[in-house]
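Fit chains P and L to the known structure of chain Y by using the hints.
Chains as they are written, first to last, in the UniProt record's numbering: chain Y, 1 to 334; chain P, 1 to 297; chain L, 1 to 336.
There could be a bad hint or two in this list.
Stated by the list, open to error - Using 25 angstroms as the maximum straight-line C-alpha spacing, the simulated SDA-like pairs for lysine to any residue come out as follows:
hint, chain 1, residue 1, chain 2, residue 2
1, Y, K190, Y, L254
2, P, K73, P, A271
3, Y, K198, Y, D255
4, L, K8, P, G125
5, L, K8, P, A179
6, P, K21, Y, P14
7, L, K8, P, V134
8, Y, K190, Y, H212
9, P, K21, Y, H212
10, L, K8, P, T129
11, L, K8, L, L319
12, Y, K145, L, L319
13, Y, K198, Y, R127
14, P, K21, L, D130
15, L, K8, L, G320
In case anyone wonders, no lab produced these hints; they're calculated from the structure.
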Amino acid sequence: MAYLDVRNLSVSFPTARGYARVVEGLDLTLDEGEILGIVGESGSGKSVSALAILGLLPPDSRVTADVMRFGTHDLLALSTRARRRVVGQDMSIIFQDPMASLNPCFTVGWQIDETLRIGRMRGRGRRRDRVIELLQQVGIPAPEKRLSAYPHQLSGGMNQRVMIAMAIARNPRLLIADEPTTALDVTVQKQILDLLSKLQRDTGMSLILISHDLGVLARTAHRVMVMYAGEGVEEAETRALFTSPQHPYTRALLDALPEHAGAHRRLPTIPGLVPPLGARPESCIFGDRCRLVAPICREGRPAFESHGPHRRVRCHFPAHRLDLREEAHLVHAR
Amino acid sequence: MSDAILAVPEKIPSRAVELWKSFARNRAALVSSVVLVVLVLLAICASVVAPHDPIEQFRKDILLPPAWLEGGKVAFPLGTDDIGRDILSRLLHGAQLSILIGIIVVTISLVVGCALGLVAAFFGGLIDTAIMRVMDILLVFPGLVLAVVVVAVVGPGLFNAMLAVAIVMMPSFTRLTRASALRELSREYVSASRSAGAGRFHLMVRTVFPNCVAPLIIQATLGFANAILDAAALGFLGLGAQPPTPEWGTMLSGSLAYLQSAWWMVTFPGACILVTVICFNLVGDGLRDALDPKLRR
Amino acid sequence: MIRLLARKAAIVLTTLLGAVLLAFSFVRLIPGDPIEVRYGDMDLTPEQLDAFRRDLGLDLSLPQQFLIYIQHLLRGDFGTSFTTNRPVWEEFITLLPATLELTICAVIFASIFGILLGITAAVFRNSWIDYGVMSVSVTGASMPVPWWGMMLILLVSVQLGLLPVSGRLSAAYYVESVTGFLTIDALLAKDYEAFRSALRHLVLPTIVLGTGILAVIARMTRSSMLEVLGEDYIRTAQSKGASRARILLVHALRNAMIPIVTIMGLQVGSLVAGAILTETVFSWPGIGRWLVGSVSTRDYPVLQGGVLLIGVMAMLVNLGVDVTYGLLDPRIRSRR
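Excised from the complex, chain Y in its bound form (with noise of 0.2 angstroms):
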């Protein structure tokens, strides 16, 4: 059975005009010590997807599931104050603006402690002795040293080195790691990144790692879900993703990754936009910028069906099914 097993999530906002959905019916699994990438653009409800599992949404917004478990805990049945406790505990995040996400009031050193105490631990030196050993491990040099810096007396990506070491400080069994990567200098980027993937072999904890650059998870990723919209529409094992991708939305992904443009040619596009907040197609919410549109589109939201282990798909005609669009084309011209 999955570790964090999580289904049909909805979340939605107030706005000026009454509440609008931002994910639909997302459906979530991880087993323990597996990594699993979430890409999309901004605002596709990856991240409210991941604040929601925490439950660190504003009170104001509306979140509802049919099943939202990690481990043995029933995180929809928990209590607010219970429910803390499993988040201080069991799973952490580390947030995309490490600058930001630390409280420039206290020393770096002062935050990791009060990570600690607040999971009570006891003993003032024990304490400290942990802090720098935490420190030593998401590498930071001279870490006695650091105890006593403020966040700002530090590089960004110093301060993400010192988000993680809060955030595994109390051992916890998932991580999510929310655009860990984005704030920060290209060179910085793939230290943060191996450190990840190490910290997640050693303590063999599960890790979310989300990103709007494929490439990101490309490297690291067990398993992918690509997320438009609020709703996810592929998820595959991360080279079957690479290699096959079945969804329109995913090839254009894939297309648009420089790597794959060539020096000489522009960059490939999506035409069209997302659709606007609050205003959700009853369809396919990917059909008006399909290449593969068909009528089937228009009637409804397609199923997020399984093709094959580990793959699901929510698309009429997954790329290795291609045939059957010609079909409904001639079905419609019947």
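Okay, now just chains P and L, sitting in the frame of chain Y:
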């Protein structure tokens, strides 16, 4: 650039409407402005509306309680004071004075403060430093202390009190004008009109100043509130308007001795000050929300 | 930090010089001859008046007088009161503790309740609690101090008879002055009855003086907390499993305090103004009443010295606020 200038006349009405809409959405500010309009009307018609002359003494009716209490007379709806003057009439004429105080104080400090601020921003260098240093020094002294000093120099009295409060309020207008003028000066339209040959004075008054008006309007409205409060405080200390002038603060000062025996002498003038000041503050907040898009939510 | 302080000190010094010049010149601006004002009704010969003038150095040129004035100030000589013939400095230092005791109590009262109200309003944003707090805040900021004092006396002291009407201590007690703070002196003398009396006398003036600043602090706390609560590091604290109280009182408040302290520093002026009015209403024997009294008795040395001393105190408080500001915000502390 020329497009923007041509577009302005068409934009003005729509902007005014938009401002009014966003101001009217703030119900507290709307109600307050209605109260203020009523107050101004009452103040203008004070001598018609008031049942008596504000300084006429009815020797037989000393310290009468308000009409609805035992011993009160309908002729004196809010009672009389220690020498038999009708409190309602005094309050109405006091409203006249308070509005006048607000207008005069704000006008003096606004005009002088803005002029100094503009000069400081435009000429910079030594002039700027000198003006701003003087303002800093004025700001070091707590407002009322400075006002007390000014009154000590020029002697107590209503006009002198207004002068004192105006001087105290001036630095905030100077700073505000200077800051917004400096901000505007760095904009492109200023260099554009400078290169078009606009003179310094023209630039100062015609080009830059109109763009600093919004924060000044807000500050001026809040300045009304402060002017009324400070003038009343001076009146209370015996350094402002002198008896028998029916100024609200001065009325408070005279009532301190009758605190235990005639509560109405204390309650009504103070309540008038409070309500008026609250209204000006709320209108000021409403204007700030409407005029300052940065703070709009 | 040190360089920051040095620059601050330079600004303070020039401002101080300006303040001295202002205090020096305003007495000379007063129409009429101070000697005439003081001795005019004593029927003295012009020669005797000239002698007094020479004693006070009033026969010298203005720049000379200014230099002499500064010399005197540096020696701690702020002149001698016309009415009591005591040195101004001595009177100031005797009355200062009364004002300080009142002001400190008012600031503590205003900070505690202002911050609590502001946090509550921020937490329950746009609820009736929020509107209630904001209404209280607007009313408090618009309150005419003397009237507020009189209304409280009317209600609490006259109608309900709960607290004394005026003064610092009931006439039944005598407390040896050590610090000048009656509450502390009473405790030092182990006179608990007197301590109770002093405290009871403090309650109403504290509320009256504190209300205005409370209103400002509550408003600032609310908006500052609202801003801080939207920051990323608050989400980080939540993800650590920190309790709600911990997030509000440690993570958010610590950051929100920076603008709150700034706004408190700007309240020094209104605090002094409030103290003058409060002392007058409650017959509180402090600096404010002393200063106002000197205007009506035309005691110019007191007025001159008092204004200068109050200005210097206000400046010192502002400097203190700047230092606190640096202590609160590590980003400022490490800036060169």
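Tested hints:
no.	hint	result
1	Y:K190 with Y:L254	holds, 20 angstroms
2	P:K73 with P:A271	holds, 22 angstroms
3	Y:K198 with Y:D255	violated, 30 angstroms
4	L:K8 with P:G125	holds, 20 angstroms
5	L:K8 with P:A179	holds, 21 angstroms
6	P:K21 with Y:P14	holds, 24 angstroms
7	L:K8 with P:V134	holds, 17 angstroms
8	Y:K190 with Y:H212	holds, 15 angstroms
9	P:K21 with Y:H212	violated, 41 angstroms
10	L:K8 with P:T129	holds, 16 angstroms
11	L:K8 with L:L319	holds, 8 angstroms
12	Y:K145 with L:L319	violated, 32 angstroms
13	Y:K198 with Y:R127	holds, 23 angstroms
14	P:K21 with L:D130	holds, 24 angstroms
15	L:K8 with L:G320	holds, 11 angstroms
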